[in-house]
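Novice: Residue numbers (my numbering): 1 to 168.
Honestly, I wouldn't trust all of these hints.
As a list, the in silico BS3-like pairs of lysine-lysine whose alpha-carbon atoms are at most 27 Å apart [to be verified]: (1) Lys-90 - Lys-47; (2) Lys-31 - Lys-120; (3) Lys-57 - Lys-47; (4) Lys-90 - Lys-57; (5) Lys-81 - Lys-48; (6) Lys-120 - Lys-90; (7) Lys-47 - Lys-31; (8) Lys-120 - Lys-131; (9) Lys-52 - Lys-31; (10) Lys-81 - Lys-135.
Note that these hints are calculated values from the structure, not bench results.
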Amino acid sequence: MAVIGLIQPIGSVAPISEMQSRWAAAVFAGKTFLPSFEEMISDIETKKFEMKKRYFKSPKHTLQVDFVPYMDEIAEIVGCKPSLTQTFFKDFRFFMRLFLGANAPYIYRLVGPNSWDGAKEAIYSLPERVKLPLKNRECRTRKHKKRGTLVRAFFKREKHMFEKNTVI
């Protein structure tokens with residue numbers, strides 16, 4: 001039996017639940033094994049100690065995890081954590097996208113079991129796919145294309161800052 005999704009991440013629950021499901025499926029299929037009882041207890045105690053240092057005493061913080069470190073930990077066990085070092089030397093542009101771009105769950109489909117051929121393209125196209133739905137109401141008239149007061153003030157100030165003969 002496995003308990004999937006009983007967690008309170010600083011991030012999305014759905015990708016974590018998927019990663020937990022992949023781990024449980026790998027254990028049930030005999031492709032990976034759980035750590036020994038002693039290792040699990042030691043890991044729990046270490047994480048409890050770290051949580052006590054980070055959060056105030058509350059029963060709700062027993063389920064709290066950070067998205068990326070938690071996903072990386074499980075992905076390493078499952079065998080689907082991509083190597084940033086290898087990516088750095090093989091495809092520097094893609095390394096920069098992984099390192100500086102938004103963290104999407106697709107990165108755990110680049111390598112390992114159940115990898116997806118379209119994962120790399122999905123990561124590259126992520127910014128456009130996020131912005132596209134937000135551009136559904138374009139203003140057609142010129143008067144509506146004016147910038148807001150704060151934006152105008154900022155750009156007006158910026159213009160004066162870079163004029164010639166101005167001491168800053």
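Novice: Each hint needs a verdict: does it hold in this structure or not?
Specialist: Hints, verified against the model:
The straight-line distance between the Cα atoms of Lys-90 and Lys-47 is roughly 35 Å, outside the 27 Å bound, and the hint therefore fails. Note on Lys-31 and Lys-120: the hinted pairing holds, with a Cα-Cα distance of about 25 Å set against a maximum of 27 Å. Under the criterion of a C-alpha separation no larger than 27 Å, the hint pairing Lys-57 with Lys-47 is consistent with the structure, at around 14 Å. Annotation: proposed proximity of Lys-90 to Lys-57 is violated, straight-line Cα distance about 46 Å (limit 27 Å).
A C-alpha spacing of about 25 Å is found between Lys-81 and Lys-48, which places the hinted pair at or below 27 Å, so the restraint holds. Between Lys-120 and Lys-90, the direct Cα distance comes to roughly 13 Å. Compliance with the 27 Å bound is thereby established for this hinted pair. Distance restraint check for Lys-47 and Lys-31: the Cα-Cα separation of roughly 26 Å lies within the 27 Å cut-off, and the hinted pair is therefore satisfied. Of the pairs offered as hints, the one joining Lys-120 and Lys-131 holds, with about 18 Å between alpha carbons and a cut-off of 27 Å not exceeded.
Taken as a hint, the Lys-52 and Lys-31 pair is broken in the structure, with Cα atoms around 34 Å apart against an allowance of 27 Å. Our distance criterion of 27 Å between C-alpha atoms is broken by Lys-81 and Lys-135, whose separation comes to about 34 Å.
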